[in-house]
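Q: Sequence:
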Amino acid sequence: MDYKNEKTELIEGLDSNALDHNYDGIIELDNSLPPWWLYMFYGTIIFSIAYCVYFFAYDGFSQEKELAREMEAANAQIAKFKEENGPGIDENTATLLVDATAIDAGKAIYEKNCVACHGANGGGGVGPNLSDDYSIHGNSINDVFKVIKYGVPEKGMIPWESQLTPEQIQQVASFILKEFAGKNVAGGKEPQGEKI
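So the sequence shown is numbered by numbering that gives the first Met the number 0: it starts at 0 and just counts up by one.
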């Protein structure tokens, strides 16, 4: 079939939509846009106006407001937890434990985690002497708790807060103060820090 010589003619009734130009026999028609397309177009315009009014004129939803709401809810949960369970143990609220069960628990933790650096008798090794009358970071239960919890990275002591619970930190700090402080064990490391 020879398409080159075949004439194309407009379908009857479409010549009113034909534009006045054609290229190589291709005729362009000027049809209306489909209604669904127009409705979507007008809908996006209306949505955009409503969006701008809500977010910019009336200060609608924002990330800052969402953050504030979530922080308020989180703080309420924390307050409720503290109310139900009492205040947690931290470097400000730690107290020196004296009961034998807590001291024994602290001893077990010390033997497992601390002996390598501070020695079995607290006389020091890689770490400082815990049995002398000198202290680098303080000698109160709160000071010792803080050192155990946060460590002393510049001296090579790791923070134990991710490996021990606050109760366990309080137990080992109490063990150190009760069993080692002021004992001056034989063969201990030279004094460091300030005299207590």
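Honestly, I wouldn't trust all of these hints.
Mimicking DMTMM-like on lysine to aspartate or glutamate, the simulated pairs with C-alpha atoms at most 20 Å apart in a straight line are [unchecked claim]:
| id | residue 1 | residue 2 |
| --- | --- | --- |
| 1 | Lys177 | Glu110 |
| 2 | Lys106 | Glu178 |
| 3 | Lys81 | Glu166 |
DEER-style ranges, computed between Cβ atoms [stated by the list, open to error]:
| id | residue 1 | residue 2 | range |
| --- | --- | --- | --- |
| 4 | Ile48 | Ile25 | 35 to 41 Å |
| 5 | Asn183 | Val114 | 46 to 52 Å |
| 6 | Ile44 | Asn84 | 52 to 58 Å |
| 7 | Tyr22 | Ile48 | 15 to 21 Å |
| 8 | Val125 | Lys177 | 41 to 47 Å |
| 9 | His136 | Glu166 | 31 to 37 Å |
| 10 | Asp19 | Phe55 | 27 to 33 Å |
Worth flagging that the hints you see were computed from the coordinates, not collected in a lab.
All values reported here derive from a predicted model rather than from experimental measurement.
We treat Cβ as the ideally placed atom computed from N, Cα and C, and that holds for glycine.
Q: Check the structure against each numbered hint from earlier and tell me which ones fail, lowest number first.
A: Hints 5, 7, 8, 9 and 10 not satisfied by this model.
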